[in-house]
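Asker: Based on the provided sequences and hints, a complete structural model is requested.
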Amino acid sequence: MATTKLGFVVQRPPYKSENPKLALTHAIASQSVEVYLKDGDIVTAEVAFVGDGVLNCLKDQKATEHYDISSTESHIKMSLLVDVKVLVCKEDLAKFGLSEDDIVMDAEEFGADMTVSVVPFQEINKMMEDVNHLLFF
Amino acid sequence: MGKLTIGCFSSLVGSMSLDFAVKLAGAALDKGHKVDFWVSGNGTMLSIKDQRSFKDYSSLEKPIKELIAKGLSITACEACAEARGYNKGITMEGFKRHSMDWYLASTFDADRVLHIGGE
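Those sequence lines, one after another, are chains A and B.
The working numbering numbers the first residue of the first sequence as 1 and each following residue consecutively.
The working numbering numbers the first residue of the second sequence as 1001 and each following residue consecutively.
Warning: the hint list may mix true and false statements.
[To be verified] Here are the simulated distance ranges between beta carbons:
hint : chain 1 : residue 1 : chain 2 : residue 2 : range
1    : B       : P1063     : A       : D106      : 41 to 49 Å
2    : A       : K126      : B       : K1070     : 46 to 54 Å
3    : A       : M114      : B       : G1071     : 16 to 24 Å
4    : A       : E65       : B       : G1071     : 46 to 54 Å
5    : B       : K1031     : A       : I42       : 24 to 32 Å
6    : B       : K1070     : A       : K59       : 44 to 52 Å
7    : A       : G40       : B       : D1056     : 49 to 57 Å
8    : A       : E34       : B       : N1087     : 36 to 44 Å
9    : B       : A1027     : A       : E129      : 44 to 52 Å
10   : A       : D83       : B       : K1070     : 34 to 42 Å
11   : A       : S70       : B       : K1088     : 33 to 41 Å
12   : B       : M1001     : A       : D60       : 50 to 58 Å
13   : A       : G97       : B       : K1031     : 47 to 55 Å
[To be verified] The calculated lysine-lysine pairs, modelled on BS3-like cross-linking and capped at a C-alpha distance of 25 Å, are:
hint : chain 1 : residue 1 : chain 2 : residue 2
14   : B       : K1023     : A       : K38
15   : A       : K38       : B       : K1096
16   : A       : K5        : B       : K1034
17   : B       : K1096     : B       : K1031
18   : B       : K1034     : A       : K38
19   : A       : K38       : A       : K95
20   : B       : K1003     : A       : K5
21   : B       : K1070     : B       : K1096
22   : B       : K1003     : B       : K1055
23   : A       : K38       : A       : K90
24   : B       : K1062     : B       : K1023
25   : B       : K1055     : B       : K1031
In short, the hints are calculated from the structure, not lab data.
Yeah, the Cβ is synthetic: ideal placement off N, Cα and C, and Gly gets one too.
Answerer: Dropping the structure here:
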């Protein structure tokens, strides 16, 4: 029985490239990875939004109305639903004049227990040190 | 010898990241390492067969076939490929297609994971 921890760090803004959404879909895929592994072995995923990446977390995104695609916001909510830990850099939010009131913090409507954690960069740094592999998006 | 998992999300034409990643995979195989190669997003373009080779554009079908013959395990994200119209019928022989959990599973026992690029 073993665990491999992956850290997904999202630095790019939403809707400019596919990267942030790919980070979230890959992180969500950690929920079905067991089919490829031995019993008891798991891969866990944590997602951290830093720099321009924090803009992915803005709430009330209108991606469906404008592009007819699912929003990055909805992918964050799906991540919470499958218990992926989501961190948002507090300092980078502040640089954009944003606070917890401006971003998606939970997915209560889907029944998710997990919530978004707005944390100092120091804590994201600690996550990056703790994981086995880091993937930058 | 170790196991290297490479993930690349950049397109075949328009970026040199896939060229670099394929060269790196070849170098690792030549040193006797096991290599799992995952392409997602625009990187799934790499899986299409019958690429016509022009000197002005990256063309990686030949080196990929050579690396598969040497033991490279290479897989494209099925959803990313299908979203681009890259169906199974136009996929290069030996190029696998799976969902994203294949990539995460590959990281489980990898000694190093190199996640390269995006647009």
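Asker: Given the hinted pair K1034 of chain B and K38 of chain A, is their alpha-carbon gap at most 25 Å?
Answerer: holds, 19 Å
Asker: Does K1023 of chain B lie within 25 Å of K1062 of chain B when you go C-alpha to C-alpha?
Answerer: The hint holds at about 12 Å.
Asker: Taking only the CA atoms, is the gap from K38 of chain A to K95 of chain A under or equal to 25 Å?
Answerer: violated, 44 Å
Asker: For the pair G97 of chain A and K1031 of chain B, does the Cβ-Cβ distance stay inside 47 to 55 Å?
Answerer: At roughly 50 Å between Cβ atoms, K1031 of chain B and G97 of chain A fall inside 47 to 55 Å, so the hint holds.
Asker: Determine whether the Cβ-Cβ distance between K1070 of chain B and K59 of chain A falls within the hinted range of 44 to 52 Å.
Answerer: For K1070 of chain B and K59 of chain A the Cβ distance comes to about 49 Å; the hint holds.
Asker: Within a Cα-Cα threshold of 25 Å, do K1055 of chain B and K1031 of chain B meet the stated pairing?
Answerer: Given pair K1055 of chain B, K1031 of chain B is violated - Cα atoms ~29 Å apart, limit 25 Å.
Asker: Is it true that D83 of chain A and K1070 of chain B lie within 34 to 42 Å of each other by Cβ?
Answerer: For D83 of chain A and K1070 of chain B the Cβ distance comes to about 40 Å; the hint holds.
Asker: Hey, K38 of chain A versus K1096 of chain B, does the alpha-carbon distance stay inside 25 Å?
Answerer: Roughly 21 Å between the alpha carbons, so the hint for K38 of chain A and K1096 of chain B holds.
Asker: Quick check: does the Cβ-Cβ distance between K1031 of chain B and I42 of chain A fall within 24 to 32 Å?
Answerer: holds, 30 Å
Asker: So the hint says 36 to 44 Å: do the beta-carbon atoms of E34 of chain A and N1087 of chain B match that?
Answerer: violated, 28 Å
Asker: Within 33 to 41 Å: is that where the Cβ-Cβ distance between S70 of chain A and K1088 of chain B falls?
Answerer: Distance hint for S70 of chain A, K1088 of chain B is violated at roughly 25 Å.
Asker: What's the verdict on K1003 of chain B and K1055 of chain B, does the C-alpha distance respect the 25 Å limit or exceed it?
Answerer: With a Cα-Cα distance of about 33 Å, the restraint between K1003 of chain B and K1055 of chain B is violated, given a limit of 25 Å.
When held up to the earlier numbered hints, the structure conflicts with 2, 3, 8, 9, 11, 14, 19, 22, 23 and 25 and fits the remainder.
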